[in-house]
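Visitor: Take a look at the letters that make up each chain.
Number of protein chains: 2
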Amino acid sequence: MLMDDMGWGDLGVFGQPSKETPNLDAMAAEGMLFPNFYTANPLCSPSRAALLTGRLPVRNGFYTTNGHARNAYTPQEIVGGISKDEILLPKMLKKKGYVSKIVGKWHLGHRPQYLPLENGFDEWFGAPNCHFGPYNSSIRPNIPVYNNSEMLGRYYEEFKIDIRSGESNLTQIYLLQGLEFIQRQTEARQPFFLYWAPDATHAPVYASKQFLGKSQRGRYGDAVMELDHSIGQILSWLKTLGIDNNTFVFFTSDNGALITNIQTTFEGGMREPAIAWWPGHIQKGTMSFQLANVMDLFTTSLALAGISPPDDRALDGLDLTPVLLQHTPIFFYRGNELMAVRLGQYKAHYWTWSNSKEEMKIGINFCPGQEVPDVTTHDQREHTLQPIIFHLGRDPGEKYPLSVLTKEYQDVLSWISPVVEQHKKTLVPGFPQLNMCDVAVMNWSPAGCEKLGKCLKVPKSEPWKCDWPH
Amino acid sequence: MLMDDMGWGDLGVFGQPSKETPNLDAMAAEGMLFPNFYTANPLCSPSRAALLTGRLPVRNGFYTTNGHARNAYTPQEIVGGISKDEILLPKMLKKKGYVSKIVGKWHLGHRPQYLPLENGFDEWFGAPNCHFGPYNSSIRPNIPVYNNSEMLGRYYEEFKIDIRSGESNLTQIYLLQGLEFIQRQTEARQPFFLYWAPDATHAPVYASKQFLGKSQRGRYGDAVMELDHSIGQILSWLKTLGIDNNTFVFFTSDNGALITNIQTTFEGGMREPAIAWWPGHIQKGTMSFQLANVMDLFTTSLALAGISPPDDRALDGLDLTPVLLQHTPIFFYRGNELMAVRLGQYKAHYWTWSNSKEEMKIGINFCPGQEVPDVTTHDQREHTLQPIIFHLGRDPGEKYPLSVLTKEYQDVLSWISPVVEQHKKTLVPGFPQLNMCDVAVMNWSPAGCEKLGKCLKVPKSEPWKCDWPH
Chain A
1 MLMDDMGWGD LGVFGQPSKE TPNLDAMAAE GMLFPNFYTA NPLCSPSRAA
51 LLTGRLPVRN GFYTTNGHAR NAYTPQEIVG GISKDEILLP KMLKKKGYVS
101 KIVGKWHLGH RPQYLPLENG FDEWFGAPNC HFGPYNSSIR PNIPVYNNSE
151 MLGRYYEEFK IDIRSGESNL TQIYLLQGLE FIQRQTEARQ PFFLYWAPDA
201 THAPVYASKQ FLGKSQRGRY GDAVMELDHS IGQILSWLKT LGIDNNTFVF
251 FTSDNGALIT NIQTTFEGGM REPAIAWWPG HIQKGTMSFQ LANVMDLFTT
301 SLALAGISPP DDRALDGLDL TPVLLQHTPI FFYRGNELMA VRLGQYKAHY
351 WTWSNSKEEM KIGINFCPGQ EVPDVTTHDQ REHTLQPIIF HLGRDPGEKY
401 PLSVLTKEYQ DVLSWISPVV EQHKKTLVPG FPQLNMCDVA VMNWSPAGCE
451 KLGKCLKVPK SEPWKCDWPH
Chain B
1 MLMDDMGWGD LGVFGQPSKE TPNLDAMAAE GMLFPNFYTA NPLCSPSRAA
51 LLTGRLPVRN GFYTTNGHAR NAYTPQEIVG GISKDEILLP KMLKKKGYVS
101 KIVGKWHLGH RPQYLPLENG FDEWFGAPNC HFGPYNSSIR PNIPVYNNSE
151 MLGRYYEEFK IDIRSGESNL TQIYLLQGLE FIQRQTEARQ PFFLYWAPDA
201 THAPVYASKQ FLGKSQRGRY GDAVMELDHS IGQILSWLKT LGIDNNTFVF
251 FTSDNGALIT NIQTTFEGGM REPAIAWWPG HIQKGTMSFQ LANVMDLFTT
301 SLALAGISPP DDRALDGLDL TPVLLQHTPI FFYRGNELMA VRLGQYKAHY
351 WTWSNSKEEM KIGINFCPGQ EVPDVTTHDQ REHTLQPIIF HLGRDPGEKY
401 PLSVLTKEYQ DVLSWISPVV EQHKKTLVPG FPQLNMCDVA VMNWSPAGCE
451 KLGKCLKVPK SEPWKCDWPH
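Residue numbers (UniProt numbering), protein chains in the order written: chain A, 1 to 470; chain B, 1 to 470.
Calculated from the structure, these hints are not laboratory results. By construction, the Cβ of each residue, glycine as well, lies at the ideal position given by its N, Cα and C atoms. You can take every hint at face value.
Examples of chain B residues lying across from chain A (beta carbon under 8 Å, computed): (1) Y63; (2) R140; (3) L291; (4) G306; (5) A314; (6) W351; (7) Q433.
In isolation and in its complexed conformation, chain A is listed as follows (with noise of 0.2 Å):
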């Protein structure tokens, strides 16, 4: 979700003292907030150029060199646009399946072979420009408003906004185009990509006459109110359908607020709100200090996606998995049986201490001379529906486990045993290469035993299923 010239701070939860945008708050609340996030560029174009490809606007081409130092983007009257040469998200994700929409602004060129459906797109509705006008159709035509690969009329024309009351409907129409898709692909049971990117904070500012004059910051504030409110519907949606769990959403803008230092690289042009939200895997009302940009998102969404990044060019983004998941599980196996599993700072063990070599037979336990009932038993222990659990950071010799009965116990796994069960579904064993044993495998005659002399004598193979005591 990529907001247009919506600045830093802007929202609530960024410190904004009007606190107008309850559901961005709350979307904070229930994700990670990004702090120290940046876009690539202070201008529309570049930024999204950037998002998109994953590298810097001098890098994928969108920057001029007409002027020193100065920013471009993409008018009407640009003749350039995304080079061809560029391997844009959506294109990425299609090697996984992934259905994508693009709603709302383009911005990365609006010839024919610069539109979304060129470049990866399965679907679009929205401008390829800004929503500058309204013009007179002579000297300069207004922006066309697409549907896929047709234009459905124009801003000021068939897609009205009042200059002077600043009234349109734009932001509603784009929420819908939103959770339609949303909706067709759920129901098709289709991995999807939605970039939402509605312009209703960019000038010239609108919003729905319900929210008109309701924000204590003017029309701009009226706008951030729509588009939060519109956030909040998204959301809810996700959740209705049942797929907040599976869907990884991101907030954020493409430059700085419109209200000043636009266009500088100075923190108001360049920092921007982040998000990121995505239930069961990203904490909730976690914040992230992390120094990360809109780049990033590129190669975080391929890594969420399980696709490998081109590797024939630079990229600018990082993997921000890590960040995100900071409670990735970690897997603990014995051959093919899962014994336990550590998320957070608890561990739950199925299977127990297991080694049934004789010497573990006389006694060696955590502390000597100490039981701990069905743990430091030396046999196999199955505790498949009752895991034992320890809380690592209160007890990491693991010799305390939490008593099934606390709301600690439960808690922990109700949110372990989903973890545990979509891994075990997903897993596909590879062939087992250590089942064999066999004499005459072992090092007798090694390469280059002839030199030194050190051959010894192959004896006849007879092969047998290795006895594994551990």
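Got chain A; can you put chain B on it based on the hints?
Guide: Relative to the frame of chain A, chain B by itself:
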């Protein structure tokens, strides 16, 4: 640098009370400590297979189905080894020209097709199995020591281990093999991967004469001391050769300490000492509580080398780059001019506030009416040799530049300058797409306009170099 059966608590920096690992402790002080780092299995072979494939042993085949939940490894009589379907780290690294050497214990199968040079390594000095013995060559041969693809001799024969005294100079030999390889690759200006895997802390434990009896922890402690000494030598060698700033080093162990708990999935068997070291890139004296494991080293190494991980298989490792490089620089451009860079809490501006639009001339400053010399001026000002530096933690509004006369300024400059130089040196700009304008390319007749009767007449093409006043 992968140790054999060395435990989490064996390093001074992890709390071992006799403090006999001064070099590893110094490595941690110069690098980043990972207290929540795990191996993939409580036994050598599977954990080493996991490290080199980036996959759980149950996926890469390093497990048995003979006994339920049994640990299995590669003793002399094992028939199997690493599957030809697995892709090992050195093979991946070859894509970017890395030369790879393993020094020490292999343990991924000892039959000819399973050996290191058949699996991506260019060089090998060491043994395919554990150094158990001595054997009398009739029922069981002694383990060979290889130099590349041919044996050089055998443990207890050409490569002595005195079982009674514990004396062996094998760690010295392995150290020299490592140093020689590093020097040779450095002189050839050749990127390299050294997998340094000595086995002195695996039973039967051994040490060189000069270390025997020197520790407060018996023969095992002597072996740890010699390994610690060797690691100090290796890091010092990187500094001597001047490649310490260009060499990522990671220290860990293959499974829990020999002393107790070995071969179980309790913490003692799975949690490992772990230190990342890379002067100038990984901030010294830091600690990451990230839950991580040996399989992350596969993915992370590829990311650092700029190589995409294989996407035709499940990988169990995360890319830890963002965790390691907490001070990833963020570059701020306008056009093709690097305007500013953020590193840690600091931001250095090489060019400042540059909007030359007419409206900017009337004075939109940071605080109305307030002027900060060289910052709030509206012309482009170059500060190439003496950037304006702000500490964004103390001064997020960028109003109080550090005085160039302070030590802080000079320290920050000497930290940021090489990062900027390196970036500029390696940057390859794309072809600029935003130079040309033309009224003929405006949205006169977008696709679909015919159906709507909304096509406008396209004026004559008259391209010009766009003027970018921003």
